[in-house]
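**Student:** First to last, the sequence lines map onto chains A and B. For the first sequence, my numbering assigns the number -1 to the initial residue and increments by one for each residue that follows. For the second sequence, my numbering assigns the number -1 to the initial residue and increments by one for each residue that follows.
Among these hints, one or two may not hold up.
Since the list gives no way to pick out one identical chain from another, each pair is judged satisfied if it fits inside one copy or across any two copies.
[Said to hold, decoys possible] Straight-line alpha carbon distances no greater than 30 Å define the calculated DSSO-like cross-link-like pairs of lysine-lysine that follow:
(1) Lys38 / Lys79
(2) Lys98 / Lys27
(3) Lys51 / Lys87
(4) Lys79 / Lys6
(5) Lys98 / Lys84
(6) Lys27 / Lys6
(7) Lys79 / Lys69
(8) Lys6 / Lys67
Hints in this document: simulated from the structure, not taken from any laboratory.
2 protein chains.
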Amino acid sequence: MQNNINVKPPYFAVIFTSVRNSGDEGYSKMADRMVELASKQPGFLGVESARDKIGITVSYWKDLDSIRKCKENSEHKLAQKLGREKWYKSFQVKICRVEKEYGS
Amino acid sequence: MQNNINVKPPYFAVIFTSVRNSGDEGYSKMADRMVELASKQPGFLGVESARDKIGITVSYWKDLDSIRKCKENSEHKLAQKLGREKWYKSFQVKICRVEKEYGS
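Using the sequences plus the hints, can you model the full thing?
**Tutor:** The structure is reproduced here in structure tokens:
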């Protein structure tokens, strides 16, 4: 999915990149649940995701406070904990301020 | 590929998301060339890319000036022009300041 974020910059992005372990092990279900949860959080603007050798998920947020609150969500914490152990060989999270955008 | 950027924030990211038209039409060759060119630009820190339904490419840069210079590169401009017409149904570019990062 590609999102047109309906707000003008500045807004915020969380770039999550990961390398998966083999096997699903409940990953797809949890990933769907995480997106569903995030999308209900105040300040959530959208999410884009693609995976081949690595996975890149970019979620967009109104402000840093919305990102902090989402991160503190206990179910999300659980997913992070399980993810570290079971799903991901490695992962990286980058918190960004979107300053400018253009496109077709 | 997943990159560990060897600088501490703040640095900058260009999030490029796209929906492709069907067929390669020289796309792969040009995409490889663009990454090769970008990686030679001063201020280039790394790039991560994944594609399934959409494509997400995130390139990382030392500063905004490096991004501007890369964009002004004439061969890149050519790729953008051709891309608009031939390769992409749609694309979006977001220029971001990476403020914080963590990971495994």
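**Student:** Each of the hints needs a verdict: does it hold here or not?
**Tutor:** To see whether the hints hold, each was checked on the structure:
| no. | hint | verdict |
| --- | --- | --- |
| 1 | Lys38 / Lys79 | within (21 Å within a copy, 38 Å between copies) |
| 2 | Lys98 / Lys27 | between (34 Å within a copy, 28 Å between copies) |
| 3 | Lys51 / Lys87 | both (12 Å within a copy, 23 Å between copies) |
| 4 | Lys79 / Lys6 | between (34 Å within a copy, 25 Å between copies) |
| 5 | Lys98 / Lys84 | between (37 Å within a copy, 25 Å between copies) |
| 6 | Lys27 / Lys6 | neither (32 Å within a copy, 34 Å between copies) |
| 7 | Lys79 / Lys69 | within (12 Å within a copy, 39 Å between copies) |
| 8 | Lys6 / Lys67 | both (22 Å within a copy, 24 Å between copies) |
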